[in-house]
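What follows is the residue order along each chain.
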Amino acid sequence: MIIKILGSGCKKCKKLYQNAILAADDLGIEAEVIKVTDFQEIAKFNVMQTPALVIDGKIVAKGKVLTKEEIKELL
Amino acid sequence: MLGNFFIWLNDAFLKMTWLQDLVNDLLIKVFNMDAESYLYNSLSFFIFDVIKIFLLLSVLIYLSSYVQTYFTVERTKKILSKFKGIGANVVGALLGTITPFCSCSSIPIFIGFTKAGLPIGVTFSFLISSPLVDLASVVMLASIFGWKVAIIYVIVGIILAVIGGSLISFFKMEKYVADFLKEKTEVDNEEEILFVSKKEKRKYAVDQVKEIVGRVWFYVLLGVGIGAAIHGYLPAEFIQKILGPDKWYSVFVGVFAGIPMYADIFGTLPIAEALVLKGVGLGTVLAFMMAVTTLSIPSLILLKRVVKNRLLVMFITIVTIGIIIIGYIFNYLIII
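Those sequence lines, one after another, are chains A and B.
Counting in numbering that gives the first Met the number 0, the first sequence runs from 0 upward without gaps.
Counting in numbering that gives the first Met the number 0, the second sequence runs from 0 upward without gaps.
Keep in mind that the hints were calculated from the coordinates and are not lab data.
Just so you know, not all the hints are guaranteed correct.
[Stated by the list, open to error] Each computed DSS-like pair below joins lysine-lysine, with the alpha-carbon atoms no more than 25 Å apart:
id	chain 1	residue 1	chain 2	residue 2
1	B	Lys209	A	Lys13
2	B	Lys114	A	Lys57
3	A	Lys71	B	Lys198
4	B	Lys197	A	Lys67
With these hints in hand, go ahead and build the complete structure from the sequences.
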């Protein structure tokens, strides 16, 4: 499973990144969590609000920092 | 009768005159401070401003974030695509005022609008007004300088955004966006992620308050600290010699001092307040604040990643000239 965090590297993005790692750990999922900070890459997803959370190529959240529990539900 | 009620409301909630009295009483009666001393003047300014700014900030961010849940970026984009010509610039500038996006999210918005095919000038009208004029900073301005100044500030801010965006359209700047913005998008993602329930909206607003206050508190304290030092210790004659409204170059000093600063408008307000109390022209101070919010180097570096040099230079030139003109207008209005 590939989880991507889209965002220019602000505080919110880092928080979402940590929450995603914790959520995957808790569920025991083998997941690769990647931070995407390049605008060119972010633009490909057509996301206007960062941070955004992408699970296996699908955008599941944008513009908000999901908690660990919320990400667990999405996974 | 109604007028008196409004004044009372304004004094109690906006200017918080009761809080000022309370702080002063506390300093004089409990701590036996001398009302004429420098330390008293600085401390009174510091304590009062810190409490007032954090109270106002929390309430205002809550309210504007709640309003924001009705205007998601996707919806803003849809509304904007319905308008044409200068009307679109005006709507762009107006939507910019009700959507308090932080500067770090303005670049993804720029990308989204451009890829959606919105005219470059409309996007810039939105991007100029968004950090410059928003609900929270306008109410703070009203609290410190009164409603008249706040309303004129909103009007000139919107005019700057409309004219700036129109000029960028006029000079056909759409060629000068980064090349990757001209490519097609792979993922189609028009879907709005909406806030369904009132509860969710309230949670979002509370989160925004925590997030923004958590991000700006240091700048606010720093700004109030500098403001308090100016208020208590810097002699008025000295400041007026450099920055008095009768000095023609004062507006330039204000703008160029503002550009390298990275601060929030909430951090610069207390400095502005202290400077105006010392007799610096209001136009000079507003030009300084506008430069801090729209032309700060960190946000220009981000913008550089999505536009080519020509457009970046044009944006900086238009905004700088606009701010300088606004500064002179305000300084002139005060003298007459």
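Open item on the list: Check the structure against each numbered hint from earlier and tell me which ones fail, lowest number first.
Closed with: none
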